[in-house]
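Participant: With the hints as extra help, turn the sequences into a complete structure.
The chain contents come next:
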Amino acid sequence: MVKFCGACLILVSGTSIGWIIASVYLNRERELKELQLAFSILNTEISYGKNLLADVLESTARVLRPPLAYIFSRTGEELANSREKGFADLWQENIAKYGKESFLLEEDLEILINWGRQIGTSSLDDQVKVNQLALKRLEQQEEEAREIARQRVKPIRYAGVLLSLMLIILFY
Amino acid sequence: MASSVLNYLPVNIANVIGKEREWQKGEVIEIRMRIYRPLQLITYTDELFPLDESNNPLVISPRDLEKSFMILVKNSYYALERQLAEGFLTIPGGHRVGFTGQAVLEGREIRTIKNINSLNYRISHQLIGIGEGLIEKIFNKKEDQVYNTLIIAPPLCGKTTLLRDLIRLISDGDERYGLKGKKVALVDERSEIAGAYNGIPQNKIGKRTDLLDNCPKARGMLLLIRAMSPEVLAVDEIGHREDVLAIEEVINAGVKIICTVHGRDYYSILQRPSLQPLLAGKAFERYLVLSAKRGIGTVEMVLDANGKEVL
Chain S
0 MVKFCGACLI LVSGTSIGWI IASVYLNRER ELKELQLAFS ILNTEISYGK
50 NLLADVLEST ARVLRPPLAY IFSRTGEELA NSREKGFADL WQENIAKYGK
100 ESFLLEEDLE ILINWGRQIG TSSLDDQVKV NQLALKRLEQ QEEEAREIAR
150 QRVKPIRYAG VLLSLMLIIL FY
Chain C
0 MASSVLNYLP VNIANVIGKE REWQKGEVIE IRMRIYRPLQ LITYTDELFP
50 LDESNNPLVI SPRDLEKSFM ILVKNSYYAL ERQLAEGFLT IPGGHRVGFT
100 GQAVLEGREI RTIKNINSLN YRISHQLIGI GEGLIEKIFN KKEDQVYNTL
150 IIAPPLCGKT TLLRDLIRLI SDGDERYGLK GKKVALVDER SEIAGAYNGI
200 PQNKIGKRTD LLDNCPKARG MLLLIRAMSP EVLAVDEIGH REDVLAIEEV
250 INAGVKIICT VHGRDYYSIL QRPSLQPLLA GKAFERYLVL SAKRGIGTVE
300 MVLDANGKEV L
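Those protein sequence lines, which keep their order, are chains S and C. Mind the numbering: the first sequence is residues 0 to 171 in numbering that gives the first Met the number 0, read in order. Mind the numbering: the second sequence is residues 0 to 310 in numbering that gives the first Met the number 0, read in order.
There could be a bad hint or two in this list.
Here are a few chain S residues that sit away from chain C, every Cβ distance over 10 Å (derived from the structure) [what the hints assert, rightly or not]:
#, residue
1, L25
2, I45
3, K49
4, R64
5, P66
6, A68
7, L78
8, R82
9, F86
10, Y97
11, L104
12, E105
13, I118
14, S121
15, D125
16, Q126
Below, simulated EDC-like cross-link-like pairs (lysine to aspartate or glutamate); rule was C-alpha separation at most 20 Å, straight line [as the list claims (entries may be wrong)]:
#, chain 1, residue 1, chain 2, residue 2
17, C, K113, C, D63
18, C, K136, C, E80
19, C, K182, C, E142
20, S, K99, S, E83
21, S, K84, C, E65
22, C, K292, C, E26
23, S, K49, C, E80
24, S, K32, S, D125
25, S, K49, C, E26
26, C, K113, S, D124
27, S, K84, C, D63
28, S, K128, C, E80
29, C, K113, S, D125
30, C, K182, C, E135
31, C, K113, C, E142
32, S, K135, S, E100
By construction, these hints were calculated from the structure, which means they are not laboratory data. Ideal Cβ positions, reconstructed from N, Cα and C, are used throughout, including at glycine.
Facilitator: Laid out in structure tokens, this is it:
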């Protein structure tokens, strides 16, 4: 009975570990998708509404989940009150702070940082181009993330189940 | 009100200005920052160059200007393109910040100004009551109508301040002069009169005033006639041909107009070609000529449609 319970525990935890590891890939894909939605809202707010950047960031944050939402909302709040630091600095600081809590990779965050360096300092036409470029690059990253997830999610989940079965067989 | 200007300056500069006695007494009318040159404050009667901690005049660095400009545009250059091409921005409270640098041209038009090298913060002082003595001169009690009025003055003589107060008085009405409150529509192209922030007026412009903020004057005037059925329309700093055409439309629509124009005196206005259609047609029934001889907002004379002094 004890052995059976132990075997069940190994199976459940092994399977869960497999699912958890696999979810990292799926969550990155999800976050990249959410970021694209956020950037298209942001682009509309800038190009059509001509709203100030701090307000744009705060309204964009509403379509995101934490921790990505925090990057936008905190930068917006700080920007509205800042007299010493510009947008690029604040944006970079918040990416460094909250980006590591997300499932995004360095290369994904780099797209956000690069966008931040070009926003708020040039004409409307330029801003729209910069936003569209960021959107395009996020889309490419999402495609790549989806492909990686397609290749790895199932094997990892299976590996979780199979490895736990192997352990059960070994110790049973 | 003026203290809000300090929020639009880098902390080191705001601290230095905040300590000046003239600033605390509300006498400063301009803050001027020029690259590699000392910070200058201009008061109603004098000027001063504030000192830094080591008792030397505070010299403006490129970083100071860069920071100030970024605070002004709120990191949202794209949202303020039109104003930037004009060479100045308005901050909450109706304070105007002018700037110079290198003009970027597109065809013959200035597209924007880059490499900012000078900033001039013009502090707007809301002087409530400044227009009271003049209401009788621009109000026809018999017909219960405000005269079409042009306020003429050189810069820094209180044109906008007077216009703002007249709008307030006409809008609220004043029993002492038999003036019933009128529906006033205001086109505030640079948010200087109402000092609106996010469209909400920060200055007193009267309870019957409808504000169209941040809108080109000529288009705004026509829109307001159609949309808000005003009895009186107010605009600041007319001068372009399209403004003149719009004012003709306003007058023909039976709406009274109060506006301002840059000029030394009545005769200098007569020389302005763009204003000829209005002057020749005797569109204005009153001219208020201002100067700063006895302080800002000194009324030099009040003239009628024929240029004769109104007593």
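Participant: Would you list, in rising numerical order, the hints stated earlier that this structure does not obey?
Facilitator: 2, 3, 7, 8, 9, 13, 14, 15, 16, 18, 20, 24, 25, 31 and 32
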